[in-house]
Amino acid sequence: MLIKISKSSDIKENEVTPESIYLNRRELLRGMGFLGAGALLAGASTNAKADWFSKDEVTKFKTKPLEYKPDPNSDKLVLTPERKVITHNNYYEFGSQKHQPAELSQEFKVNPWQLTISGECDKPVTLDYDDLYTILPLEEHIRRLRCVEAWSMVIPWVGFSLASLLKRAQPSTRAKYVLFETLHDPKQMPGQSDRRLGGGIDYPYVEGLRLDEAMNPLTLLSVGLYGKTLPPQNGAPIRLVVPWKYGFKSIKSIVSIKFVEHKPLTTWGKLAPKEYGFYANVNPEHDHPRWSQASERRITSGGLFARNRIDTLPFNGYGEDVAHLYKDMNLRKNF
Amino acid sequence: MLSFSHRVNMIIFSIKSKVLLVKLIIHLSALLPLFNLYYLAFNDLLGADPVERVIHFTGIGAFNLLLLTLLITPVAKTFKQGFLMKVRRLLGLYAFSYALCHVLNFLAFDLQFAWGLFFNEIIERPYITIGMLAFVLLSALAVTSYQSIKNHMGKKWQTLHNFSYLIILLVAVHFYWSVKSELLSPLFYLSLTILLLLFRRKKLKALISSLFR
Numbered sequence: 001m002l003i004k005i006s007k008s009s010d011i012k013e014n015e016v017t018p019e020s021i022y023l024n025r026r027e028l029l030r031g032m033g034f035l036g037a038g039a040l041l042a043g044a045s046t047n048a049k050a051d052w053f054s055k056d057e058v059t060k061f062k063t064k065p066l067e068y069k070p071d072p073n074s075d076k077l078v079l080t081p082e083r084k085v086i087t088h089n090n091y092y093e094f095g096s097q098k099h100q101p102a103e104l105s106q107e108f109k110v111n112p113w114q115l116t117i118s119g120e121c122d123k124p125v126t127l128d129y130d131d132l133y134t135i136l137p138l139e140e141h142i143r144r145l146r147c148v149e150a151w152s153m154v155i156p157w158v159g160f161s162l163a164s165l166l167k168r169a170q171p172s173t174r175a176k177y178v179l180f181e182t183l184h185d186p187k188q189m190p191g192q193s194d195r196r197l198g199g200g201i202d203y204p205y206v207e208g209l210r211l212d213e214a215m216n217p218l219t220l221l222s223v224g225l226y227g228k229t230l231p232p233q234n235g236a237p238i239r240l241v242v243p244w245k246y247g248f249k250s251i252k253s254i255v256s257i258k259f260v261e262h263k264p265l266t267t268w269g270k271l272a273p274k275e276y277g278f279y280a281n282v283n284p285e286h287d288h289p290r291w292s293q294a295s296e297r298r299i300t301s302g303g304l305f306a307r308n309r310i311d312t313l314p315f316n317g318y319g320e321d322v323a324h325l326y327k328d329m330n331l332r333k334n335f
Numbered sequence: 001m002l003s004f005s006h007r008v009n010m011i012i013f014s015i016k017s018k019v020l021l022v023k024l025i026i027h028l029s030a031l032l033p034l035f036n037l038y039y040l041a042f043n044d045l046l047g048a049d050p051v052e053r054v055i056h057f058t059g060i061g062a063f064n065l066l067l068l069t070l071l072i073t074p075v076a077k078t079f080k081q082g083f084l085m086k087v088r089r090l091l092g093l094y095a096f097s098y099a100l101c102h103v104l105n106f107l108a109f110d111l112q113f114a115w116g117l118f119f120n121e122i123i124e125r126p127y128i129t130i131g132m133l134a135f136v137l138l139s140a141l142a143v144t145s146y147q148s149i150k151n152h153m154g155k156k157w158q159t160l161h162n163f164s165y166l167i168i169l170l171v172a173v174h175f176y177w178s179v180k181s182e183l184l185s186p187l188f189y190l191s192l193t194i195l196l197l198l199f200r201r202k203k204l205k206a207l208i209s210s211l212f213r
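If you read the protein sequences in the order shown, they are chains A and B.
In terms of this note's numbering, the first sequence opens at residue 1 and continues consecutively.
In terms of this note's numbering, the second sequence opens at residue 1 and continues consecutively.
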């Protein structure tokens, strides 16, 4: 007899959207072509958006198909449509409104690229653009992404575990934390040169993890989504994915990974330490001053009437894999 | 015989027509963006998260309309365009309509009628508390905007409608407090608000000193 023990992270059957919608996404986009003229009349929409509706492809940047081991999606997670994943981004380097990164990042140059892994380790590593896709076998990982602003998505990332790369650098015993840094290039990233566009945060963007968090198999370095290389607005060419933490921990367009001894100061932690903690684990019981974290809106398909408010799970539903990392900690204090 | 253009001029520049024309412009420029917004949002054509978009659009729209409403008196006085006073109520009512959409969007599309969460958010998030206070006050102004009620209320009407100055200040703070980090636009709006209130500094001084008498 087969006994199925459902994990708390499993997604219920009723949260599944029909596959036909996913498979027909191109048809849907094409069907939206009729809107081209209408969108031009609309005062609220920008030229860029009007363009998207009249074209087959959503954005201009060319992504490339990747070879990877697919995720069987045994939990039957409903994916957020690709169009939404690549047009709804918090990436202040390309504008602080969520539609801006897709519009302002299309000229971004990802090749050549250099990612260095350095600091408290025996064998520092430097990766060039091509290495990102060849250094380790690529796997697809379908993961929930929970934003601190109380919305969430389900995204099929392509990449490899951060641990597998970090181990190659052989961290020393002094390595207690891992510090990540985004590219600083104000010429290419308008948000870094224009305070209004960039939301007034400090650049370059920095994030950090405790070494054991970084070494957890759930922590990914992603180089692609939906089977193709990442578009710039999602953090091309390489980004972090920490699915049990709020989205701002998952730093984009990384140029440096450093092993350090002391807990680093992170970008949002510096800006508003009472609002954004270092750990930032998804926790329905600890509210952000501006948002209740008890529930979230899952962005899938459907317009205004999508009934998509769901309860938020501790550790974003990945507690079985990560709760042990925090067993002796007060998570209200260490939010 | 009058020439065609002469007759056109006579029609356009009679006060009544001027009021009608301005009202028509207000109706169109307030309603068309709203129809467009909801058409796109209902059909999932408004970006990845139409909910956030409709909330922001109607919120900032309500603020714009409030500012315009409060701009009428100084402009009418400075440029001696008394007819403008006749469109002030309409602008104020559209400001209320946008604010109503803003609140309903939050309740219906964001919280999806989770009433417990709705009341909780009003109590626990200061920026929502003052936003809601502004909305309640604005509603009181809207329902008392009928001429018959105005006549009936006498002097109390003006006292009540002086709350518009408090409302716009609350709205400015609500906006400032609601953003995560980009403070320039809320600060710009706050300075516009203060500028409009400065036009009325004598009246405001009198109002404030009457409070402490």
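The set of hints was computed from the structure by calculation and includes no laboratory data.
Hints should not be assumed to be uniformly reliable.
[What the hints assert, rightly or not] Estimated spans, in silico, between C-beta atoms of each pair:
| id | chain 1 | residue 1 | chain 2 | residue 2 | range |
| --- | --- | --- | --- | --- | --- |
| 1 | B | S181 | A | L331 | 19 to 27 Å |
| 2 | B | S185 | A | E275 | 53 to 61 Å |
| 3 | A | L331 | B | G116 | 19 to 27 Å |
| 4 | B | H6 | A | F305 | 26 to 34 Å |
| 5 | B | Y146 | A | D185 | 54 to 62 Å |
| 6 | A | E107 | B | S210 | 53 to 61 Å |
| 7 | A | D311 | B | S145 | 27 to 35 Å |
| 8 | A | F305 | B | Y146 | 31 to 39 Å |
| 9 | A | I310 | B | S17 | 54 to 62 Å |
| 10 | A | L265 | B | A114 | 31 to 39 Å |
| 11 | B | S185 | A | P273 | 19 to 27 Å |
| 12 | A | L265 | B | T159 | 12 to 20 Å |
| 13 | A | D185 | B | T159 | 19 to 27 Å |
| 14 | B | V179 | A | K69 | 40 to 48 Å |
Yeah, the Cβ is synthetic: ideal placement off N, Cα and C, and Gly gets one too.
Evaluation of the provided hints:
1. B:S181 - A:L331: 19 to 27 Å: 25 Å, holds
2. B:S185 - A:E275: 53 to 61 Å: 20 Å, violated
3. A:L331 - B:G116: 19 to 27 Å: For L331 (chain A) and G116 (chain B) the Cβ distance comes to about 24 Å; the hint holds.
4. B:H6 - A:F305: 26 to 34 Å: Cβ of H6 (chain B) to Cβ of F305 (chain A): about 54 Å, so the range 26 to 34 Å is violated.
5. B:Y146 - A:D185: 54 to 62 Å: For Y146 (chain B) and D185 (chain A) the Cβ distance comes to about 59 Å; the hint holds.
6. A:E107 - B:S210: 53 to 61 Å: 60 Å, holds
7. A:D311 - B:S145: 27 to 35 Å: 42 Å, violated
8. A:F305 - B:Y146: 31 to 39 Å: Given about 34 Å between the Cβ atoms, the range holds.
9. A:I310 - B:S17: 54 to 62 Å: 55 Å, holds
10. A:L265 - B:A114: 31 to 39 Å: 36 Å, holds
11. B:S185 - A:P273: 19 to 27 Å: 24 Å, holds
12. A:L265 - B:T159: 12 to 20 Å: Violated, since L265 (chain A) and T159 (chain B) (Cβ atoms, about 52 Å apart) do not stay within the stated range.
13. A:D185 - B:T159: 19 to 27 Å: 58 Å, violated
14. B:V179 - A:K69: 40 to 48 Å: The hint (40 to 48 Å, Cβ to Cβ) holds, given that V179 (chain B) and K69 (chain A) are roughly 42 Å apart.
This entry does not satisfy hints 2, 4, 7, 12 and 13, going by the numbered hints stated previously.
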